[in-house]
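Chemist: These protein sequence lines are chains A and B, in that order.
Numbering-wise, our numbering puts 190 at position 190 of the first sequence, and it's gapless, one number per residue.
Here our numbering = 1-based position in the second sequence + 1000.
A few of these clues could be false.
What the hints assert, rightly or not - Ranges between beta-carbon positions, derived for each pair:
1. I1083(B) <-> V17(A): 15 to 25 angstroms
2. F1190(B) <-> K96(A): 57 to 67 angstroms
3. L1116(B) <-> Y84(A): 31 to 41 angstroms
4. I1192(B) <-> E157(A): 39 to 49 angstroms
5. P36(A) <-> I1083(B): 21 to 31 angstroms
6. G43(A) <-> L1080(B): 10 to 20 angstroms
7. L16(A) <-> L1168(B): 40 to 50 angstroms
8. K96(A) <-> L1049(B): 22 to 32 angstroms
9. H47(A) <-> Q1128(B): 46 to 56 angstroms
Because the hints were derived from the structure by calculation, they are not lab data.
For clarity, every value in this text was computed on a predicted model and none was experimentally measured.
Note that beta-carbon positions come from the ideal geometry of N, C-alpha and C, so glycine has one too.
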Amino acid sequence: MNSEQEMKRRTRRDFLVLGAGAATAIGGWEWLMHSPEQDGIPGPLRHVLGLDRRVTRGLLFSDGHLAPEFPRDRVEPIIVNGDYGLDDELDLAEWKLQVTPYGAARNPVSLNMDDIRRLPKVEHTFEFKCIEGWSKVVNWAGARLSDFTARHAAGSEKARFVGLETPDKEYFVGVDMASALHPQTLLCYEMNGKPLEAGHGAPLRLIIPVKYGIKNLKRIGQIVYQDTPPRDYWAQEGYDYYAGL
Amino acid sequence: MRRLEYKHKLVTRWAHWVNFPILAIMIWSGLLIYWSNDVYRIGLGQFTLFHFFPDAVYSAFKLDHQLAFGMAVHFCFMWLFAINGLLYFLYTVFSGEWRELLPSPRSFREAIQVTLYDLKLATSLPPQGKYNAAQKIAYSSIIVMGFGSLVTGLSIYRPVQVHWLTSLLGGYKMARFEHFWLTMGYVAFFVIHIAQVIRAGWGNFQSIVTGVEYQEVAGE
């Protein structure tokens, strides 16, 4: 075969392959974009988010991996970025935390702020990260969710998830147990050395450095330990349920 | 007299064309994410020369209000981007092809000459192999940049789990900044690449599809 024939043969064959490849790619993309949605995004993408979670949980996650601590004087002002579930005026004296432990009995217990304050007080200054892409160094203080669970919902560590909701049930998050029991995860009642302000979630909010801000629910009304994934506000709107950092 | 020269291996051609749509999807979904905190600009102090990006850009390309979708796409196609890039990298290392790509200390001076020639400011080219000095630098840089995107990407994707890496890159904010500018680097590469491909003509272009190109040989 001379070089002219060789060139002709290759040109025909390889441009056909390129065209077929392009058609396949476009077809695949159309299939993906038109797949039935699961909670606001095409189903296959939701499926891959699950794969991402399994891979990064398996390879990277450890209780020993801590969000880096910053010096206290590095704290920055932080805006109130979400008021979901905070519409009603809250009477702090009336506030109760309803806790449903894991297991068959599941008798809810009602707690108040004194019950939380009696737990060891822990303080963190770390970079709080919003899913929008910004981050702020903030100082938070409160009780470890792991200490709280051991004291007020003993045995609930065996559940797969913790579900938290605001008192009006307008905002709600689900957190996997490993992240909930992470040593930096707090039921927080102080911010930058002062009692939590209403807009930041008074009297008690979740601070969970291994998750984006969307999981850091403000004004906790109830905590439930369960095996099925609790409903999650932003996961229903197309965001990753895991939302881990 | 001309003869066929075998120029690009099958792996190289596949990796190139597979990367093209994947990188396009990564850049596009990256912009969907970037929109929700679009803080970067070129400027000094109060003066802003260019803000990335003006609202008209987002609306013209429908890049606004799609953070959740953008993240889902980005964290799906990242695997394909990484796997394709890694396969090409390993092939280049183990096949010995890297010898034709890796710039030598001399390449940097020669690249200036190549650039001047391309801009018609010089009349002669330094002697070159399969790739000229400017190409060696560009094609090696793009591999390093791809690696940089994976590393900076991972460091903002799981910044608590790989906090040592995030710190090494200058912290969370800095790593996001680096991730963004690497992307702008691809855009710049793309513009120059397309201009050069057009300039070099059909014979060169079809060689990244067919692998072969006619080469003029002296004599006879």
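Chemist: Now look at each hint and say whether the structure bears it out.
Modeler: Verification of the supplied hints:
1. I1083(B) <-> V17(A): 15 to 25 angstroms: The hinted range 15 to 25 angstroms holds for I1083(B) and V17(A), with Cβ atoms some 20 angstroms apart.
2. F1190(B) <-> K96(A): 57 to 67 angstroms: The hinted range 57 to 67 angstroms holds for F1190(B) and K96(A), with Cβ atoms some 59 angstroms apart.
3. L1116(B) <-> Y84(A): 31 to 41 angstroms: At 60 angstroms between Cβs, range violated.
4. I1192(B) <-> E157(A): 39 to 49 angstroms: violated (57 angstroms)
5. P36(A) <-> I1083(B): 21 to 31 angstroms: About 27 angstroms separates the Cβ atoms of P36(A) and I1083(B), which means 21 to 31 angstroms holds.
6. G43(A) <-> L1080(B): 10 to 20 angstroms: holds (18 angstroms)
7. L16(A) <-> L1168(B): 40 to 50 angstroms: Roughly 47 angstroms apart at Cβ, these two residues keep to the hinted range, so it holds.
8. K96(A) <-> L1049(B): 22 to 32 angstroms: violated (56 angstroms)
9. H47(A) <-> Q1128(B): 46 to 56 angstroms: The hinted range 46 to 56 angstroms holds for H47(A) and Q1128(B), with Cβ atoms some 48 angstroms apart.
Hint compliance for this structure: hints 3, 4, 8 are not met, and every other hint is.
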